[in-house]
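For reference, the chains in residue letters:
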Amino acid sequence: MTAPLTRARLALTLIAIAALTLCAVVASLCIGSTSYRPWQLWDGNPDAALVRDVVFSLRLPRTLAALAVGGLLAFAGTLQQILLRNPLADPYVLGTAGGASVAALLALLLGMGAGALALPAGIGALLTTLIVFALAGRDHSTRQTRLLLTGIALASFCGALSSLLLSLAPDGLLRGMLFWLLGDLAGAHWRLAAISLALLLALVWPFARDLNLLSHGMQSAHALGVDPRRLRWLLYLVASAATAVAVTTAGVIGFIGLIVPNALRIALGHDTRLLLPASALTGGAVLLIADIVSRVILAPQQLPVGVITALAGVPLFLWLLQHRGVQR
Amino acid sequence: MNPFVPHQLQARGLTLRMGERTLVEALDLSIQPGECWLVLGENGCGKSTLLATLAGWLKPATGSVRLDNQALGNWPPRQRTLALAWLAQHDDSPFPLTVLEKTLTGRHPHLGRWDWESADDIALAKQQLARLDLAGLEARDLATLSGGERRRVGLAAVLTQQAPLLLLDEPLSQLDLRHQQQTLAVLREERQAGRALAVVSHDPNHAHDFASHVLLLFGDGRWLAGPVADVLTAEHLSALYRYPVTALQRDGMAWFVPA
Amino acid sequence: MRWLTRQRALLLQLFLALASLPTQAAVTTQDDLGHTITLPTPAQRIISLAPHLTEDLFAIGAGGKIVGAVNYSDYPAAANAIPRVGGYNGFDLERIRALKPDLIVAWKSGNPPRQLAQLDTLGIPVFYDDARTLGDVPTVLERLGMLTGNTVAARAAADTFRQRIMALAKYSKRRPVRVFYQVWDRPLMTINRQQIISDALFLCGAVNVFGDLPALTPTVDDEAVLAANPEMIATSGDAGTQALAHWQSWPNLAAVKNKQLVILPRDVLVRMGPRLAEGTEALCQAVDKARQ
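First to last, the protein sequences are chains R, F and W. Letter by letter, the first sequence follows residues 0 to 327 of numbering that gives the first Met the number 0. Letter by letter, the second sequence follows residues 0 to 258 of numbering that gives the first Met the number 0. Letter by letter, the third sequence follows residues 0 to 291 of numbering that gives the first Met the number 0.
I should point out that these hints are in silico values taken from the structure, not numbers from a laboratory. Source: prediction; values computed, not measured. Some hints here could point you the wrong way.
To be verified - Among the chain F residues that face chain R by a calculated CB cut under 7 Å, a handful are:
hint, residue
1, 54
2, 73
3, 74
4, 76
5, 77
6, 85
7, 87
8, 90
9, 92
10, 93
11, 94
12, 99
13, 109
14, 112
15, 115
Claimed, not checked - Just a sample of chain R residues kept apart from chain F, beta carbon distances all over 12 Å, derived:
hint, residue
16, 18
17, 23
18, 36
19, 38
20, 48
21, 49
22, 117
23, 145
24, 152
25, 161
26, 169
27, 219
28, 220
29, 310
Said to hold, decoys possible - Label pairs and their computed distance ranges (CB to CB):
hint, chain 1, residue 1, chain 2, residue 2, range
30, R, 232, F, 113, 18 to 24 Å
31, R, 159, F, 241, 50 to 56 Å
32, W, 216, R, 320, 36 to 42 Å
33, R, 232, W, 108, 49 to 55 Å
34, R, 321, F, 219, 49 to 55 Å
35, R, 8, F, 76, 27 to 33 Å
36, W, 177, R, 115, 27 to 33 Å
37, F, 173, R, 152, 36 to 42 Å
38, F, 145, R, 194, 47 to 53 Å
39, R, 159, W, 115, 23 to 29 Å
40, W, 240, R, 8, 53 to 59 Å
Quick reminder that beta carbons are idealized off the backbone N, C-alpha and C, glycines included.
Same shape as in the complex, but just chain R (with noise of 0.2 Å):
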């Protein structure tokens, strides 16, 4: 971007942004598995009551929970990117995500339903949140190796004890089980999700030209009157927050954090104060958008939404890094 970030551009990118996301939305309204359409709820239709379900109790939930998903994942994968001082830093990085399908699968060898995985999960996420910030918590180096690696440690950690909870597993568990490794938005619920994709933007929206200094250089960022201890609690603790509860909600969705932070920052530029609210929007978006393509495609057979993100997005980013990495 040549000109700097105003107010202005930063209005018309989210508008723009919020445009296409509401055609999305609309998009998942119409279309699903069935053939049933919003606006068979008007003309008398015999199955009205049959289309209100679908629409309203099946497709809006769904919707609603995909967009504050994906919001939450490209938002924590923006802050784990500035925090790492990484570009390759994605929301599962430090482990969070390891944490909570550890805690699921736990829970469901232990016998509990399918349905009451939330807590188990949040609470494996904030564990391992809390492990690693006590261990590398202190590592003031510019680099933040010491985080970097002890949360790749922990994540390789709970992968391994994923694979031995998914070994022990009865065959019946196995199906559930795969559910945390490849993510689902079905009966997912939006609303803690959508409440927390809010407030933790809320909370982080007004440092954003702080975190634009964090994400030059700690040093000039002290030197410019941030105090980039403080911003590193703040910055580590929402970006597990949120992607704890992105898990907690639909398990763990693949390349959303990864992809959407840094297309963004192809498409816009580094300007934290629009990649922030642009990849909480857009995230949600792609995550509806591949959603959508998931349930649809082969309906009423439905594909695990983790592997249209990777299949459509992984090309879609590649393309979009050699065609805009050439003009820098």
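Since chain R is already given, all that's left is putting chains F and W on it; use the hints.
This is chains F and W only, laid out in the frame that chain R set:
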């Protein structure tokens, strides 16, 4: 140029350690408005550590840094940065960043939480870029610049901050001869405007027409501080660099070269 | 007379020898992959690589010959005492070898192919079970009877199974009931027509609403279930499981309106062993109840 309140920066009994090594022991220093201190010493002698400590980034082993007779740590960050600017030695962003964006970061201390950079801020940033021969590069990505150009952008950001005290860690390194002289001239102007500067350098000759004081750091705890005339001698420099240095006289000025 | 007696005695001896041949000499049969398995003597040390195969062996009276079984081989109760050789989806070849089996019964679609390939190299005869329909189950029982020498008990078990299944044929002529069989609740998984439970559904006069899907155990969404509007939703599990609870939020669903959310006993409908008859009976009764 904005009017500004002069500030003074003091080091009292400052001891700096790096692991087991004592770099600087019991340093007493007072940087007054209008003064320019040239900080000289071998690689690894603690020049950057000292500047980072003076900037409040590192905590000294003992002693304190005081800004206007108040401990630096007690200053609210924003008030501190309105008084004190620091150009760190290394400053590479992992994310792409344009020259103008980087320069505008200097306005951060002047902006409230909900403020945006104004047209005046942008004009000021462009002005500082122009002074350092960077006009026309505003939209370039920092990563595509040469090392010397990046260094000057960093300096432009610090100047955009408009603080009365400037701590500059090797602002002239990686600069070619013409840009060194151009940048020195800019710094000279800043000093004449009443600012105080502490500049880390590897060339004692940068002191000419520029520095009022010199601080020599020997890297083993010893230090020597004082006006240029008293401190900057061939004898002291030979001891400092542990290599014979001789002074050549020209136009009534001493130029230091390896013997 | 004497000669005659002598000759008779000789014939009698010969006859006795021939009669006892199947238990004394080589036994042979074909498994579901069409391999001919010949054992020099009926198997005495058997390893079972699936819980339902353990049940099969017990049903034909060969339970005492199992020297190793995989985890979850928990029926009948005596099976719990058999040393374990790992899970059906990953077992310990070293331990299997050390148990010196003379027959391994493997589950073609459940056991990992790589490990099955390794089993072949061990030189121990392997009987592959690949039952896909209700009709396949008794033939497996009979052939396992051949290999273990328990032919009589095996035939009896197979006949009982067939009779119980035949007795259910009356249901297939009654009014078809639209059924959604839920394998798992999240993700929401069901079965297609090729799965053995669909065979049971067909027998019970039920229509699997997702029978046409291409995948054996496809994932579907709630919307598709609402649109299919099944008259009954069934799953297998322990009594009191909450796996069907979320359907209660759709009062317009026929199955909910008619209170036909059915939890069938755990394992009996899912394992392709002799208890499948029991499971199918329970399913048919539930379907018939939903029919009224």
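Here is what the structure says about each hint:
The interface hint given for residue 54 of chain F is met, as the beta carbon of that residue sits about 6 Å from the closest beta carbon of chain R, less than 7 Å. For residue 73 of chain F, the shortest C-beta to C-beta distance to chain R is roughly 14 Å, which exceeds 7 Å, and the interface hint is violated. The beta carbon of residue 74 of chain F comes no nearer than 10 Å to any beta carbon in chain R, farther than 7 Å, and the hint placing it at the interface is violated. The restraint placing residue 76 of chain F at the interface with chain R holds, with a minimum CB-CB distance near 4 Å, inside the 7 Å limit.
Checking residue 77 of chain F against chain R: minimum C-beta separation of about 5 Å stays under 7 Å; hint holds. Interface restraint check: residue 85 of chain F against chain R, minimum CB-CB distance 4 Å, threshold 7 Å, status holds. This hint holds: residue 87 of chain F has a C-beta 4 Å from the nearest C-beta of chain R, less than the 7 Å allowed. Given hint, residue 90 of chain F at the interface with chain R, holds; its Cβ is 5 Å from that chain's nearest Cβ, closer than 7 Å.
Here the hint on residue 92 of chain F is kept, as its CB sits about 4 Å from the closest CB of chain R, short of 7 Å. Here the hint on residue 93 of chain F is kept, as its CB sits about 5 Å from the closest CB of chain R, short of 7 Å. Given the 7 Å rule on beta carbons, the hint for residue 94 of chain F holds: about 5 Å separates it from the nearest Cβ of chain R. Against a cut-off of 7 Å between C-beta atoms, the interface hint on residue 99 of chain F holds, since the closest Cβ of chain R lies about 6 Å away.
With 7 Å as the threshold, the beta carbon of residue 109 of chain F stays out of range of chain R, its nearest partner Cβ sitting at about 10 Å, so the hint is violated. Interface restraint check for residue 112 of chain F: the shortest CB-CB distance to chain R comes to about 6 Å, inside 7 Å, so the restraint holds. A least Cβ separation of about 6 Å between residue 115 of chain F and chain R falls short of the 7 Å threshold, and the interface hint therefore holds. Distance check for residue 18 of chain R against chain F: the nearest CB is about 23 Å away, which clears 12 Å, and the non-interface claim stands.
With a minimum CB-CB distance of about 28 Å to chain F, residue 23 of chain R clears the 12 Å threshold, and the non-interface call stands. Non-interface status of residue 36 of chain R relative to chain F is upheld: no Cβ of that chain comes within 12 Å, the nearest being about 44 Å off. With a cut of 12 Å on Cβ distances, residue 38 of chain R stays outside the contact zone with chain F, its closest approach being about 43 Å. Annotated as non-interface, residue 48 of chain R keeps its C-beta farther than 12 Å from every C-beta of chain F; the closest such distance is 49 Å.
Against the 12 Å criterion, residue 49 of chain R stays outside the reach of chain F, whose nearest CB is about 49 Å from its own CB. With 12 Å as the threshold on Cβ separation, the claim that residue 117 of chain R sits away from chain F holds: the shortest Cβ distance comes to roughly 35 Å. Annotated as non-interface, residue 145 of chain R keeps its C-beta farther than 12 Å from every C-beta of chain F; the closest such distance is 17 Å. For residue 152 of chain R, the shortest C-beta to C-beta distance to chain F comes to about 21 Å, beyond the 12 Å cut-off, and the non-interface label holds.
Residue-level check passed: residue 161 of chain R sits 30 Å from the nearest beta carbon of chain F, beyond 12 Å. With a least beta-carbon separation of about 46 Å from chain F, residue 169 of chain R lies farther than 12 Å from that chain, consistent with its non-interface assignment. Not every C-beta of chain F lies more than 12 Å from that of residue 219 of chain R, the closest at about 5 Å, which undercuts listing it as non-interface. Separation of residue 220 of chain R from chain F is inadequate, the least Cβ-Cβ distance of about 9 Å not exceeding the 12 Å criterion.
Under the 12 Å C-beta cut-off, the non-interface status given to residue 310 of chain R relative to chain F holds; the minimum distance is some 27 Å. Evaluation of the 18 to 24 Å hint for residue 232 of chain R and residue 113 of chain F yields a pass: the beta carbon distance comes to about 23 Å. Judged by the Cβ atoms, the range 50 to 56 Å given for residue 159 of chain R and residue 241 of chain F holds: they are separated by roughly 54 Å. The supplied range of 36 to 42 Å is met by residue 216 of chain W and residue 320 of chain R, whose beta-carbon atoms lie about 38 Å from each other.
For the pair residue 232 of chain R and residue 108 of chain W, the supplied restraint of 49 to 55 Å holds, since their beta-carbon distance comes to about 52 Å. Checked against the hint of 49 to 55 Å, the C-beta distance between residue 321 of chain R and residue 219 of chain F comes to roughly 54 Å, which is consistent with it. The hinted window of 27 to 33 Å between residue 8 of chain R and residue 76 of chain F holds, with their beta carbons roughly 29 Å apart. Separated by about 30 Å at the C-beta atoms, residue 177 of chain W and residue 115 of chain R satisfy the suggested range of 27 to 33 Å.
For the pair residue 173 of chain F and residue 152 of chain R, the supplied restraint of 36 to 42 Å holds, since their beta-carbon distance comes to about 37 Å. Separated by about 49 Å at the C-beta atoms, residue 145 of chain F and residue 194 of chain R satisfy the suggested range of 47 to 53 Å. For the hinted restraint 23 to 29 Å between residue 159 of chain R and residue 115 of chain W, the CB-CB distance of approximately 26 Å keeps it satisfied. As the Cβ distance of residue 240 of chain W to residue 8 of chain R is approximately 55 Å, the hint placing it in 53 to 59 Å holds.
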